[in-house]
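Student: The lines below spell out each chain.
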Amino acid sequence: MGFLERVFARPWGVHPEDRKRPAADVPAVPVAVPEKVYIPLAQHVGAPARPVVLVGQKVLKGQCLAEAAGNISAPVHASTSGVVAAIGEIPAPHPSGLPVQAVTIAADGEDRWCEGEVPADPFALAPQEAARRVAAAGVVGMGGATFPSAVKLALGLRAKIDTLIVNGSECEPYLSCDDRLMRDRAAEIVSGIRLILHATGAREARVGIEDNKPEAIAAMGEAAARHGEIRVLPVPARYPMGSDRQLIVELTGREVPSDARAADVGVLVHNVGTAFAVHEALRLGRPLVERLVTLNGGAAARPGNYRVPVGMLAADLFAAAGGFAGTPARLVMGGPMMGTVLPHLQVPVVKGTSGFLALTAAEAAAREPAPCIRCGSCIRACPMGLLPLEMSARIRAEDLSGADGLGLRDCIACGCCAYVCPSRSPLVQYFHYAKGEMSARQRSTLRQESTRKLAAARVERVEREAREKAEAAARRKAERDAAKARAAAATAGEAA
Amino acid sequence: MLAAVISLSLLGAGLGLALGFASRQFAVEGNPLMDELVAMMPGSNCGQCGFPGCTGAAAAIAEGTAPPTCCPPGGKALAAALADRLGIAIDLSALEDRGPQLAVVAEEVCIGCCRCIKVCPTDAIVGAAKQIHNVLREACTGCGSCVERCPTEALVMRPVPATLQHWVWPKPAAA
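Heads up: the sequence lines are chains A and B, in that order.
Numbers 1043 to 1538, taken from our numbering, label the letters of the first sequence in order.
Numbers 10 to 184, taken from our numbering, label the letters of the second sequence in order.
So here's chain A without its partners, still in its complex pose (with noise of 0.2 Å):
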């Protein structure tokens, strides 16, 4: 951005204290791995994946347990080795606490690796071949929205892509594993940049950074310092940084239209994250198995970050890192802006889940809403640009239509308007509603589409059956009066 832009730029977002520290100094730990891992089939945006082994099976570190069902899908990988010991239900690391299908290892304490298909040169690899690999590792988008990585690859091949954007910003107050993989893994992400950048044919790499971690904007600048074509970019630290069409605009001054996606502009967003799963997916043969979490908050006994296998139960983290420092208050998976608030600690870590939050009853602070006094904090703070108090008092009164023409479709969740609203209105949480509603209505109206359609058949079906019956019926009719006719003139000539 030039700086009159920055200049008169409308401000937006929010500056929530970050409290990333102590925990993002902390090295990363890897934990040992539980008793059981339990990996749920639908880890990402898309078709849930389909099983592919059978209980009782032996399965080894990486093999794949479940295959892409789709062309908006992802495989997932057993995160240790041991026996299938089932494939059900589990609570679902999700806000409805409704259970997801999922595959149960009994981990034999090996944690051995199956042998990975590893190239010579993954430079070499075709930029179709290599998106199929990342496909087959089932790599998503680790940044928390988990669509498949290597769909978005192929689309950057198809859409002419120029700038690939890599967000490191991490703006969710609370969470540092990306801040963490930045400062431990610097040259692992450089190295999943480049390959991202074979693989779309974009010609640069724009690192962006919020300036509160100044570790990870020296490691990454180091480790990109020999790669001209990557460049480490720091962006002021506020909230929502890390969404990608604002920092899209930080970084290169486009614009995504409300209607189109990035890729429309020219540009790819890909989390640090992901370029480090892509890294060791196509330059180790490794599928992703395993992730860093942080586990933060006022009640958690020891918050740092962890290596972690995709799989393993919550509770058995919290346990692993010495528990709670007193009762939490409330469990939080993910950040505290965007997360959700979990039940309970039975549900096991994703592959999106950047981390667990254990806060006190001081940081969770329960809030009474109060009537909105029309202050406009709101309007300020919306990184979109849109009414909330306006948006938000149509859906009160059940008008979706007035409220989506207001620009609710573009609304990004990311809870800026609650957070800043002085009557504490639950504004994001009527907008989770709406958009849910409208798209449950949208799915009601296709239903009775298909239902009119299948109605229409069966009519076509039925007269089709009548009208194929009495034409059987007229043609053995027809056959028994020839035959009769036969008959009666083969007496006739007798007769003669």
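Please note: incorrect hints may appear among the correct ones.
With a Cα cut of at most 20 Å, we get these calculated DMTMM-like pairs of lysine to aspartate or glutamate [as the list claims (entries may be wrong)]:
1) Lys1477(A) x Glu1432(A)
2) Lys85(B) x Glu1479(A)
3) Lys127(B) x Glu1432(A)
4) Lys180(B) x Asp1446(A)
5) Lys85(B) x Glu1440(A)
6) Lys127(B) x Glu1507(A)
7) Lys85(B) x Glu1502(A)
8) Lys139(B) x Glu117(B)
9) Lys180(B) x Glu1410(A)
10) Lys180(B) x Glu1491(A)
11) Lys1100(A) x Glu1077(A)
12) Lys1495(A) x Glu1507(A)
13) Lys1495(A) x Glu45(B)
14) Lys127(B) x Glu1505(A)
15) Lys127(B) x Glu1510(A)
16) Lys180(B) x Glu1077(A)
17) Lys180(B) x Glu1502(A)
18) Lys1477(A) x Asp1452(A)
19) Lys1100(A) x Glu1059(A)
20) Lys180(B) x Glu1440(A)
21) Lys1477(A) x Asp1301(A)
22) Lys1495(A) x Glu117(B)
23) Lys1495(A) x Asp44(B)
24) Lys85(B) x Asp1441(A)
25) Lys1511(A) x Glu45(B)
26) Lys85(B) x Asp1446(A)
27) Lys1078(A) x Glu1152(A)
Chain B is faced by these chain A residues, among others (derived, beta-carbon under 7 Å) [what the hints assert, rightly or not]:
28) Thr1369
29) Ser1419
30) Gln1490
Worth flagging that the hints you see were computed from the coordinates, not collected in a lab.
Ideal Cβ placement from N, Cα and C applies to all residues, glycine included.
Given the coordinates of chain A, assemble chain B onto it according to the supplied hints.
Tutor: Chain B in isolation, oriented as in the chain A frame:
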């Protein structure tokens, strides 16, 4: 006096002719509003509204004798669309939406009589004589006609199970 009689008679005759011409020229076949409403209805003629098929329900809604919320398979989306078309305000939150329902065959009771297959308005039940029948989830509209037809009570209506893909956030409590 005569001039007034003649002019008024002429006026009356002229207007009468104009009206007669208009009634023939611009005649409306049926109620266009009703046709439009019929096109919006699900069209499976399941009869859950209590009217003879979707056309009957559309006629009653167009006349105003039935509320736009009377169609259970249409749900909130249809009620909102109908109310919007008719220009009337309805309270959707009061609409008792018992949620989508689904017919399920109890396999241990089904005798394979094929009677349910004959009444299903969307051909959602598959099976053959003396074979256990099954309901295709995607095609079942939850109208319940098969339940009444089944001689062994093998068909039961169950709410469609909630899934992660279809779950939506509840509405927050108002301030």
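Student: Give a verdict on every hint.
Tutor: Hint check:
With a CA separation close to 15 Å, the supplied pair Lys1477(A) and Glu1432(A) stays within the 20 Å bound. For the suggested pair Lys85(B) and Glu1479(A), the alpha carbons sit about 10 Å apart, so the restraint of at most 20 Å is met. Distance restraint check for Lys127(B) and Glu1432(A): the Cα-Cα separation of roughly 52 Å exceeds the 20 Å cut-off, and the hinted pair is therefore not satisfied. Taking the CA atoms of Lys180(B) and Asp1446(A), the gap is about 16 Å. The hint holds against a cut of 20 Å.
Between Lys85(B) and Glu1440(A) the CA atoms are separated by roughly 11 Å; this keeps the pair inside 20 Å, and the hint holds. As the CA atoms of Lys127(B) and Glu1507(A) are separated by approximately 13 Å, the hinted pair is consistent with the 20 Å bound. The straight-line distance between the Cα atoms of Lys85(B) and Glu1502(A) is roughly 29 Å, outside the 20 Å bound, and the hint therefore fails. As the CA atoms of Lys139(B) and Glu117(B) are separated by approximately 13 Å, the hinted pair is consistent with the 20 Å bound.
Taking the CA atoms of Lys180(B) and Glu1410(A), the gap is about 16 Å. The hint holds against a cut of 20 Å. For the hint pairing Lys180(B) with Glu1491(A), the CA-to-CA distance comes to about 27 Å; that exceeds 20 Å, so the pair is violated. Restraint check: the Cα-Cα separation between Lys1100(A) and Glu1077(A) comes to about 15 Å, which is no more than 20 Å; the hinted pair holds. Proposed proximity of Lys1495(A) and Glu1507(A) is supported: the alpha carbons are some 18 Å apart, at most 20 Å.
Our distance criterion of 20 Å between C-alpha atoms is met by Lys1495(A) and Glu45(B), whose separation comes to about 17 Å. Taking the CA atoms of Lys127(B) and Glu1505(A), the gap is near 13 Å; set against the 20 Å cutoff, the hint holds. Of the pairs offered as hints, the one joining Lys127(B) and Glu1510(A) holds, with about 17 Å between alpha carbons and a cut-off of 20 Å not exceeded. Between the alpha carbons of Lys180(B) and Glu1077(A) the distance comes to roughly 40 Å, so the proposed pair goes past 20 Å and is violated.
Restraint check for Lys180(B) and Glu1502(A): the C-alpha separation of about 43 Å exceeds 20 Å, so the hint is violated. In summary, the hint linking Lys1477(A) to Asp1452(A) is supported, as the alpha carbons are separated by about 10 Å, within the 20 Å threshold. Under the criterion of a C-alpha separation no larger than 20 Å, the hint pairing Lys1100(A) with Glu1059(A) is inconsistent with the structure, at around 47 Å. Between Lys180(B) and Glu1440(A) the alpha-carbon distance is near 10 Å, which keeps this suggested pair within the 20 Å criterion.
For the proposed pair Lys1477(A) and Asp1301(A), the alpha carbon gap of about 16 Å is at most 20 Å, so the pair holds. Only pairs whose Cα atoms come within 20 Å are accepted, and Lys1495(A) paired with Glu117(B) is rejected, the gap being roughly 32 Å. As the CA atoms of Lys1495(A) and Asp44(B) are separated by approximately 18 Å, the hinted pair is consistent with the 20 Å bound. About 13 Å separates the Cα atoms of Lys85(B) and Asp1441(A), which keeps this hinted pair within 20 Å; it holds.
Annotation: proposed proximity of Lys1511(A) to Glu45(B) is violated, straight-line Cα distance about 35 Å (limit 20 Å). Among the hinted pairs, Lys85(B) with Asp1446(A) is consistent with the structure: their alpha-carbon atoms are about 17 Å apart, no more than 20 Å. Our distance criterion of 20 Å between C-alpha atoms is met by Lys1078(A) and Glu1152(A), whose separation comes to about 13 Å. Hint status for Thr1369(A): violated, given a least beta-carbon distance of 26 Å to chain B, over 7 Å.
For Ser1419(A), the interface hint is violated, the least distance from its beta-carbon to any beta-carbon of chain B being 15 Å, above 7 Å. Because the closest C-beta pair between Gln1490(A) and chain B is about 5 Å apart, less than 7 Å, the hint holds.
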